[in-house]
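Chemist: For reference, the chains in residue letters:
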Amino acid sequence: MTHLGDRVAALVDGELSHDARDRLLAHVAGCPRCREEVDAARQVKARLARLSVPAPSPALTARLLALAEPGEPIPPRRRPLRRLPRPAAGPRSSPRPQSARPAVGSTGVSTRRGRVAHSSADRLRRFGMTGAGAFSVAGLALGGAFAVGGQSGNTGVPLTPPVDRLEVEHAATTGGVPLTDPAFSSVLGSRLSQPATVANSGVLLRGSVGSVGLTPVQPGWLPTVAPSR
Amino acid sequence: MRLRRSFTGTVAAFAILAAPALLLQAPEKSPANSSPRWQEPGPRPPASDLRALVLLERAVRAPTGMAYEGTKFVSAWSSTGTTSLVVDVRHFPRSGTVTRVRGTATSPAGETFAPDSAGVPGGATPDYGAGVLGLLARNYDVTLGGQEQVAGRTARVVEAYRPAGALAARFWLDARTGLLLRREVFDRSGRTVRASAYVLLRLRRPDPGEHLPPMQPAPWRERVSGSELAGLRADGWTCPQELPHKLSLYDARRFEDPQGPIVHLSYSDGLSTVSVFEQRGQLELAGLTGWRPTHIGGADVHLREGVPQRITWSADGTVYTVLADAAPETVADIVRSLPHERVDNGTLARVRRGLGRVASWVNPFG
Chain A
298 MTHLGDRVAA
308 LVDGELSHDA
318 RDRLLAHVAG
328 CPRCREEVDA
338 ARQVKARLAR
348 LSVPAPSPAL
358 TARLLALAEP
368 GEPIPPRRRP
378 LRRLPRPAAG
388 PRSSPRPQSA
398 RPAVGSTGVS
408 TRRGRVAHSS
418 ADRLRRFGMT
428 GAGAFSVAGL
438 ALGGAFAVGG
448 QSGNTGVPLT
458 PPVDRLEVEH
468 AATTGGVPLT
478 DPAFSSVLGS
488 RLSQPATVAN
498 SGVLLRGSVG
508 SVGLTPVQPG
518 WLPTVAPSR
Chain B
235 MRLRRSFTGT
245 VAAFAILAAP
255 ALLLQAPEKS
265 PANSSPRWQE
275 PGPRPPASDL
285 RALVLLERAV
295 RAPTGMAYEG
305 TKFVSAWSST
315 GTTSLVVDVR
325 HFPRSGTVTR
335 VRGTATSPAG
345 ETFAPDSAGV
355 PGGATPDYGA
365 GVLGLLARNY
375 DVTLGGQEQV
385 AGRTARVVEA
395 YRPAGALAAR
405 FWLDARTGLL
415 LRREVFDRSG
425 RTVRASAYVL
435 LRLRRPDPGE
445 HLPPMQPAPW
455 RERVSGSELA
465 GLRADGWTCP
475 QELPHKLSLY
485 DARRFEDPQG
495 PIVHLSYSDG
505 LSTVSVFEQR
515 GQLELAGLTG
525 WRPTHIGGAD
535 VHLREGVPQR
545 ITWSADGTVY
555 TVLADAAPET
565 VADIVRSLPH
575 ERVDNGTLAR
585 VRRGLGRVAS
595 WVNPFG
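Chains as they are written, first to last, in the numbering used here: chain A, 298 to 526; chain B, 235 to 600.
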């Protein structure tokens, strides 16, 4: 099916609210399938409009004219729910309209038919307005939801990760990893609360920096161990 | 058609108004890895040299009973530049290593303590030695090199090659004691990314009244078991079992912070180490100084340079903090593999989000 569904008819008939109609037109402008369907609906409507109105049958005309004559007593008001079969209430309710049954039947039919013929336009208009109202409400709801659902995020409590603490933990678990350098995991990132002094007396120098045979050091590194030999 | 339309329209309108429960489907976060088991080190690849592995094993155990001190330099190369420091190292037997940075113009002096992992009974840090060495043996081909001099001592060289054949790391191990004297790590292109070496080293007899290591907050002792990890994943925590480039999970811990529980996952491939921290919430940048927003692995994150690299971001209600001592492309792939906010600003996505928010206002239990 298409994206518009039953709203095609409402759009073609001009029964939508301004916002809903604009939104649908915006969609149709960009969607070829829906544009085709709207065009087809428009063509059907144009063709229907061109059809001639059928003339009423003579029997119907006669019945309508008969309504103008003074007739039988007004039939009891039809309650819609009474149409449901009521086996218990049969004997009581039947005698009253019994005498007028044939007339009621005929006028009832004609009345019913007349009611149908008389109020079909009203009914259609009422249905159209209900549908338009429903779609307007739906459109407003969707529009509101669209506005509210602006930027995703803000889905949790704002918090700042305790990075200092995390660095200590990282050092604790990686410092024990063999053959990695604890200096890399701990030194350059984390600090203790107060530096302690390390006794450095009696340190013998075993080699010079040059004997290590390292790649050239980058600027900013100041070797503080003086080679002696 | 038109007679039915109004009824259909009314029903459709009410269905749309009542639809939050239907439309709201939180995207299921697929578990990164459904296996709850701990990663077991696999068998040694046939290309590794048994003698080299024996030397490495010896190097893992060597510091345990020895007392030594020395001076070494450490350098780390990254895309943004180099960090180099000179550190004084002092190792206390059956305890750990105190590392002190010599003050330079750029960074202040400070001291850190890294506990020993091997052979510390009742220690806070479990024995990673065998496990992580197994990872190294599994992920790299370990072979013997020659002999060289480091800090005036004779050292045996052990080399680790990637399966593709490129050299990944080189270790210089003291021939007499087995201590790791020098270490260099290379990235896939062969460039040095980490280098450290003792400039001088002195072994000494341990004194009975040894200077005790300085106090530091105890690491989070609550280790998370494999089944608890599976439970966390079912609750929506990511907790991947593996990260790209064969980084395997070797430790998982949990800690109750005033802001909420923090899960600490440690990964290694034998050479690189990465810690991933997960917390429930939304990243608040106000308290972070020295961080800058950047783009890594196709995602917007906040980065603090240094070693280890510190990267943080939040996605779908979880704050991720990554501390990585790894090559830059490895870090980028790690960041890419973890969840990120997929901000879909399409019409349908916005309507869904809005309906969800409205539903959450209306439904106090939602």
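Think of the hints as simulated: they come from the structure by calculation, not from any bench.
Watch out, some of these pointers could steer you wrong.
As the list claims (entries may be wrong) - Covered stretches of chain B, going by a simulated chain A footprint (3 or more residues, C-beta under 8 Å):
1) 458-468
2) 494-502
3) 508-521
4) 543-556
5) 564-575
Unchecked claim - Under 7 Å between C-beta atoms, here's a sample of chain B residues computed to sit facing chain A:
6) A348
7) D485
8) N597
Unchecked claim - Here are the simulated distance ranges between beta carbons:
9) B:T242 to A:A337: 54 to 60 Å
10) A:P329 to B:T242: 22 to 28 Å
11) A:R320 to B:A398: 44 to 50 Å
12) A:D461 to B:R457: 19 to 25 Å
13) A:D461 to B:L401: 15 to 21 Å
Quantities reported herein were computed from a predicted structural model and do not represent experimental measurements.
All residues carry an ideal CB built from backbone N, CA and C; glycine is no exception.
Chemist: Give a verdict on every hint.
Modeler: Each hint tested on the structure:
1. Given a C-beta distance limit of less than 8 Å, the hint that chain A covers the segment 458-468 of chain B is violated, as 0 residues qualify and 3 are needed.
2. Counting residues of the segment 494-502 of chain B whose CB falls under 8 Å from any CB of chain A gives 5; the rule of at least 3 is met.
3. With a threshold of 8 Å between beta carbons, the proposed coverage of the segment 508-521 of chain B by chain A holds, since 11 of its residues qualify and at least three are required.
4. For the segment 543-556 of chain B, the stated coverage by chain A holds: 8 residues have a C-beta nearer than 8 Å to a C-beta of that chain, and at least 3 were required.
5. Requiring three or more residues with a Cβ within less than 8 Å of a Cβ of chain A, the coverage given for the segment 564-575 of chain B is violated, as only 1 such residues are present.
6. The criterion of a C-beta within 7 Å of any C-beta in chain A is met by A348 of chain B, whose closest approach is roughly 3 Å, and the hint holds.
7. Nearest Cβ of chain A to the Cβ of D485 of chain B: about 5 Å, under the 7 Å cut. The hint holds.
8. Interface restraint check: N597 of chain B against chain A, minimum CB-CB distance 15 Å, threshold 7 Å, status violated.
9. For the pair T242 of chain B and A337 of chain A, the beta carbons lie near 19 Å from each other, so the given range of 54 to 60 Å is not met.
10. Our hint of 22 to 28 Å for P329 of chain A and T242 of chain B holds, since their Cβ atoms are close to 25 Å apart.
11. A hinted range of 44 to 50 Å for the beta carbons of R320 of chain A and A398 of chain B is inconsistent with their spacing of about 57 Å.
12. Judged by the Cβ atoms, the range 19 to 25 Å given for D461 of chain A and R457 of chain B holds: they are separated by roughly 22 Å.
13. Distance hint check for D461 of chain A and L401 of chain B: the Cβ-Cβ separation is about 36 Å, which falls outside the suggested range of 15 to 21 Å.
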